[in-house]
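Engineer: In case you want the letters, here they are:
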Amino acid sequence: MLEVKDLNLYYGAIHALKGISLTVKDGELVSLIGSNGAGKTSTLHAISGLLPISSGSLTLDGRDLRKVHPNKIINLGLAHVPEGRHVFARMTVEENLLMGAYIIRDSKKIMKNLEKVYSYFPRLRERYKQLAGTLSGGEQQMLATGRALMTDPSILLMDEPSMGLSPLLVKEIFSIIQTLHDSGITILLVEQNAKMALAVSDRAYVLETGKISMSGPASELANDDRVRKAYLGA
Amino acid sequence: MNTFFQTLIVGLRLGSIYALVALGYTMVYGIIRLINFAHGDFIMVGGYTMIFTVPVALRLGLPAWVAVLAAVVVCSLVGIGTELIAYRPVRKKGTNMTALITAIAMSLFLENLAQAIPSIGPNPKVASQIFKAGGIHIGSVTMEYTTIITLVLSAVVMLILYAFTQKTRLGRAMRCVSEDKAAATLMGINVNSTILLTFGIGSGLAAVAALMYMAQYPKVYTTMGSLLGLKAFVSAVLGGIGIVPGAVLGGIVIGLVESFTTTYISSSMADTFVFLILIVVLIIKPAGIMGKNVGEKV
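Protein chains in written order, with our numbering: chain B, 1 to 234; chain U, 1001 to 1298.
Pulled out of the complex, with its shape left as it was, chain B reads as follows (with noise of 0.2 Å):
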């Protein structure tokens, strides 16, 4: 279970997130949506140790998470599809992948873990010798999200895995999360399409300028008269 309890963070004198607070249970998809600015991306790396916090807790399983160096939050299970998806546009397909799994020493669980990357997106296994930086936007993100996947992870944070594709690749990536979650994974989705966020997610909160405005069951929040007006467009 991940917990975050009272989290703030400043970007210099900026307050960016005031005092957040969420639980993300074992296997569960949990959305966080919001407009820009809101806090986010923000929030996603001050679990995973990309910027550091004024104060708050952060606990992944009962472990301190401030307390581990960003580069062994991995190591916990815990691992991170960023936002604009950050492939190394240099590397060929595989090279990342093979990326993700930098923390595991054992080939033989490496290429059993490629093997079931590959089966989740066959055509990064169509693609595996071609640079990273080629690849379409939604390869792209289907690559960041395989890459993250290469080291068994019990928790994944998405950082706006649909920003900036067509409607038709939106879906198939809300397909595979869908997917992902249905194998047992565990899920924090940052979104700014919150309706298809919501149709997928068990639980949401709402951000608002650095500070949760709501939460609840995503099926509620979906109903719900103020998120519609603000995230739904109805």
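Simulated from the structure, these hints should not be mistaken for laboratory data. All residues carry an ideal CB built from backbone N, CA and C; glycine is no exception. Among the hints, erroneous ones may be present.
The list that follows gives simulated cross-link-like pairs (lysine-lysine, BS3-like), each with its CA atoms no further than 25 Å apart [claimed, not checked]:
(1) B/Lys72 x U/Lys1181
(2) B/Lys25 x B/Lys72
(3) B/Lys112 x B/Lys72
(4) U/Lys1219 x B/Lys129
(5) B/Lys211 x B/Lys25
(6) U/Lys1093 x B/Lys67
(7) B/Lys112 x U/Lys1167
(8) B/Lys109 x B/Lys72
(9) B/Lys109 x U/Lys1167
(10) B/Lys72 x U/Lys1167
(11) B/Lys211 x B/Lys195
Distance windows between CB atoms, simulated [claimed, not checked]:
(12) B/Leu76 x U/Pro1089: 21 to 31 Å
(13) B/Glu3 x U/Leu1282: 53 to 63 Å
(14) B/Pro52 x U/Met1097: 22 to 32 Å
(15) B/Thr59 x U/Met1097: 34 to 44 Å
(16) B/Asn223 x U/Pro1089: 49 to 59 Å
(17) U/Thr1168 x B/Asn75: 12 to 22 Å
(18) B/Thr179 x U/Leu1108: 58 to 68 Å
(19) B/Arg66 x U/Gln1129: 55 to 65 Å
(20) B/Leu76 x U/Ala1182: 37 to 47 Å
Add chain U to chain B, keeping to what the hints say.
Structural biologist: Chain U in isolation, oriented as in the chain B frame:
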């Protein structure tokens, strides 16, 4: 024709020295986007280390070139120390410009520090013979042993470096850090220690370059790294800074230009042509010969 081949050989020899030094510039640039102006001075550090260790090697009955091992260790440590003491703290707080100025300061600091050390001082020191004198004669073209060793050794070092970056876990980690530090961290790569490793390897290469340089021009002085370093930097830029094979290509090109200008035009024009070529190439292809301005798809 003989003059041509002789010139070609000299150019390749000089070029492989530039290439080794250029690799250090390009690796560090690739990983932290910093032009490490102190890199040329690491050659000087390597040179003096050998001045002091060659006699030791000879006394122990070992060949003189064994001293390069000590130089590699010393240069690597100086490189790592420079990153730890000067560059890392500045990078945390300052801008790219601050780091660049720190690099220039570091270069001048090393040169002046060396001069201030009593056993080094301002006067050049002459190195003893490092490789066997003489060479092989093919027709009327002479390949000195020094030249052969320089060409072979630099080729071997470059191939090892290439295999390391492409095939090993740490080498791949280095490439990841040079592309995207945040993503590398998420993969579980320790970015800071990977940067240190890069400094260690790049600076170690400067020591190997120092060995080859001294085998040819056996004079060591505190500013010996300035022009040599500058030309190697030019090589790195010419090939495409940040690109490892580009540094090798750039080094060879600069070596050949210098050698052919010296033979066929005038030795006093050699450096003029080196920098002229740089300007011309950069006007035509600003990213360098092997540099690509590939737009990344988003």
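Engineer: Hint by hint, note whether the structure agrees.
Structural biologist: Evaluation of the provided hints:
no.	hint	result
1	B/Lys72 x U/Lys1181	holds (14 Å)
2	B/Lys25 x B/Lys72	holds (22 Å)
3	B/Lys112 x B/Lys72	holds (22 Å)
4	U/Lys1219 x B/Lys129	violated (49 Å)
5	B/Lys211 x B/Lys25	holds (21 Å)
6	U/Lys1093 x B/Lys67	holds (23 Å)
7	B/Lys112 x U/Lys1167	holds (20 Å)
8	B/Lys109 x B/Lys72	holds (19 Å)
9	B/Lys109 x U/Lys1167	holds (19 Å)
10	B/Lys72 x U/Lys1167	holds (23 Å)
11	B/Lys211 x B/Lys195	holds (20 Å)
12	B/Leu76 x U/Pro1089: 21 to 31 Å	holds (30 Å)
13	B/Glu3 x U/Leu1282: 53 to 63 Å	holds (54 Å)
14	B/Pro52 x U/Met1097: 22 to 32 Å	holds (24 Å)
15	B/Thr59 x U/Met1097: 34 to 44 Å	holds (41 Å)
16	B/Asn223 x U/Pro1089: 49 to 59 Å	holds (54 Å)
17	U/Thr1168 x B/Asn75: 12 to 22 Å	holds (21 Å)
18	B/Thr179 x U/Leu1108: 58 to 68 Å	holds (60 Å)
19	B/Arg66 x U/Gln1129: 55 to 65 Å	holds (60 Å)
20	B/Leu76 x U/Ala1182: 37 to 47 Å	violated (18 Å)
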